[in-house]
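Novice: The sequence shown begins at 1 in UniProt numbering and counts up by one.
Quick caveat, the hints were computed from the structure, so don't treat them as lab data. Backbone N, C-alpha and C fix where the C-beta goes; we use that ideal spot for every residue, glycine too. Any given hint could be a false lead.
[To be verified] Pair by pair, the computed Cβ-Cβ distance ranges are:
no., residue 1, residue 2, range
1, Lys546, Asp578, 14 to 24 Å
2, Ser86, Ala277, 29 to 39 Å
3, Cys500, Glu526, 20 to 30 Å
4, Arg353, Ala624, 26 to 36 Å
5, Asp570, Leu152, 29 to 39 Å
[To be verified] Dumping the calculated DSSO-like pairs for lysine-lysine here, alpha-carbon to alpha-carbon at most 27 Å:
no., residue 1, residue 2
6, Lys395, Lys411
7, Lys411, Lys311
8, Lys72, Lys372
9, Lys372, Lys347
10, Lys351, Lys363
11, Lys367, Lys328
12, Lys564, Lys419
13, Lys367, Lys411
14, Lys305, Lys471
15, Lys347, Lys560
16, Lys520, Lys486
17, Lys363, Lys348
18, Lys560, Lys311
19, Lys395, Lys324
20, Lys348, Lys419
21, Lys564, Lys546
22, Lys319, Lys305
23, Lys319, Lys474
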Amino acid sequence: VQVIIHDPRPDIEEYVKKTLPEYLGTDISLPQLLESKQLILSSELSAALESVDIVQEQGPENVSFKQSLWPKIENAAPSTALFWSSTSGIPSSVQGINMREPARLLVVHPFNPPHIMPVLEIVPPRAGTPALSVVLQEEVTGFVANRLSFALFREAIHLVNSGVVTAAEVDRIVEESMGPRWAMADWENEGANDGYNWGGPGPSTDSAVLNEQNSLGDGSPRDFGGGFSGDDAGPPRDDTCRNCGQSGHFARECPEPRQGGGGGACFNCGEEGHNKAECPHPRVFKGTCRVCNEEGHPASECPQKPADICKNCREEGHKTSDCKENRKFDLNDVRDETPEDAWAELKKADKERNLEDFRDAFKVYTKAAPEKTFVDIEKQLRAEGANVYLIALEKQKEGFENYTFIDLQGKLDRTYVVKFFFGPEPRRNHLIERWPASPEENLERLTDAGFEYDRMIPKCANCGEMGHIAKSCKQERVMIERVEIKCVNCSEVGHRARDCTKQRERSKFACRNCGSPDHKAADCTEPPNLDHIECRRCNQTGHFAKDCPNAPKFAKACRKCGAKDHLSRDCDQEQNMDLITCNNCDETGHYARDCPKPRDWSRVKCSNCGEMGHTVRRCSKPPAEEENGAGDFGGEAGGEAAWGSAGPAPIEEEVGGWNAGAEKVAELAW
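Based on the provided sequences and hints, a complete structural model is requested.
Specialist: Structure representation (structure tokens):
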């Protein structure tokens, strides 16, 4: 077995010769390994990866570092090489987001020391092959072993904070009982804190991710039930504020200015009287670089910082905000099919009127036939009489600066957005103004349309401009109005109802309709009190949404169950036969084909001569010539006006659509 150690540091050979013998022991000689070429030291990445079989990455726990490193490894390593990451918490799907084949990347998480804990935690990516054996059922930050360790760590902190034992006593108990199996932290005697060492080669941020998941917003441990928080043991906590010393609220709700920086001194300049966020002095970086693990500079100024990779085109050398190239889509999670099979799957979903399956099949087809455009697909759907229409809508005016429209070939900043609809006419009032006026205009729009995608460019929460975040904004900081805390019991400001010392004016178990404590709202006999009811349609008070006078005129009752909040195609109930009226006898409860009474021929109209009393098969007159050709845009002759209706039809003014605003006269469709 030949092992190649690669590191960009210039003193790699000197560093390895100094540190590696401490781990080899006396049985193995480092000079002998180097001389026999069993161990090779390399400072060039391409040379180190030229003929490798397995790549084991052990870089710092930094997301951007790993995301920029793996594409370089993928380009330099053989196509048959296995990619392993020894990360302690960053999922492989996050690391390999910029890779061409992210499914090649596995998390192979070792444990220190390996001779005591000979286990590898293998976690596949979400886009991995299901046939491969897996360890976890689901990808999760921190994986399994570290999360189990955190359960013990939370309990240890709880015991120390509760006064059951000291930090030194916990350290001794762990060392002498479960230490060989649960080695997780090196405690300092001054008390339990978050400054633990995970036995890694340098500072790590994976524990910070887990600590954030398993703690509350104020830094206190989360209560998981069963005695894991610090509130279920020891003396009862009072309600005295740690900031101002007054009772009735907590420090996180204190209206008074913060007293110092936690311990009294500013973490930035060391002066008393203010905290780091309010420090008037220039910010001094005192931490460790996330890229090289060295002190003295942040990651943004690191000389070893890898080149930025554009999130749009996946190339180096420019920022995403400056990129005008076509978007490169990651289609690794989309199945590979032939264009014929993909189209058959698309038509199957269309026939079943299942939009979710249609969207999935649409992705498969566009991957199988990347040269197809929206216009090509829409024309083919109309030629085959499909149910789904590709409609190019005008974009909404405001609130979508973070999104752009990208077509199937990756072109950015298209003018219109493509949506799927079951029909050529708008069924919602808010779509009428955005809808194309004709099928020809729709096809013209589709040439400059696309799906909605994130621009991958941040938007500043301070000035509202694109290209930077609020932390880097050079404009004057906008003051954010804090939400006023007001008690719903006494209406006073400064505390919540749970902390109110005054008597409750109204029981929380009282009826919400009349206020009586003797019953619930479901059992109330009083008429509904609508004074506090807000309509979800118009946001006015005094009525429910189902009784809204401003309800759209297109709302229809479901033909299956009679409800007004959905259409029959979305109904999951059985057909209510009381809503069915027989066309033969006018009675309810059955269809005309199941009518037990004799056929009433006086109700039958001949489609040939237009007379009543017989069908076209029994018509004695010669067949009538068709004056108008059949519709050519996917519709059926007759019926309501749509793309392809062959005869005159009334215009529904309240519906709008492509004929909205026209006079109410019968006219031929386009």
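Novice: State for each hint whether it applies.
Specialist: Now for the hints, and whether the structure bears them out:
1. Lys546 x Asp578: 14 to 24 Å: Between Lys546 and Asp578, where Cβ atoms are some 21 Å apart, the hint holds.
2. Ser86 x Ala277: 29 to 39 Å: holds, 36 Å
3. Cys500 x Glu526: 20 to 30 Å: Taking Cβ atoms as reference, Cys500 and Glu526 lie about 28 Å apart, which means the hint holds.
4. Arg353 x Ala624: 26 to 36 Å: holds, 34 Å
5. Asp570 x Leu152: 29 to 39 Å: violated, 49 Å
6. Lys395 x Lys411: holds, 17 Å
7. Lys411 x Lys311: holds, 15 Å
8. Lys72 x Lys372: violated, 32 Å
9. Lys372 x Lys347: holds, 16 Å
10. Lys351 x Lys363: Holds, at about 17 Å.
11. Lys367 x Lys328: Roughly 12 Å separates the two Cα atoms, so the pair holds.
12. Lys564 x Lys419: The hint holds at about 24 Å.
13. Lys367 x Lys411: Holds - the C-alpha atoms of Lys411 and Lys367 are around 16 Å apart, at most 27 Å.
14. Lys305 x Lys471: It holds: about 20 Å lies between the C-alpha atoms, which stays within 27 Å.
15. Lys347 x Lys560: Status holds; Cα separation ~26 Å.
16. Lys520 x Lys486: holds, 26 Å
17. Lys363 x Lys348: holds, 14 Å
18. Lys560 x Lys311: Answer violated: Lys560 to Lys311 is near 48 Å, above 27 Å.
19. Lys395 x Lys324: Holds: Lys395 and Lys324 sit about 20 Å apart, inside 27 Å.
20. Lys348 x Lys419: holds, 19 Å
21. Lys564 x Lys546: This hinted pair holds, its Cα atoms lying about 8 Å apart.
22. Lys319 x Lys305: Holds, because 15 Å separates the two Cα atoms, which is no more than 27 Å.
23. Lys319 x Lys474: holds, 19 Å
Consistency with the previously given hints fails for numbers 5, 8, 18, ordered from lowest to highest.
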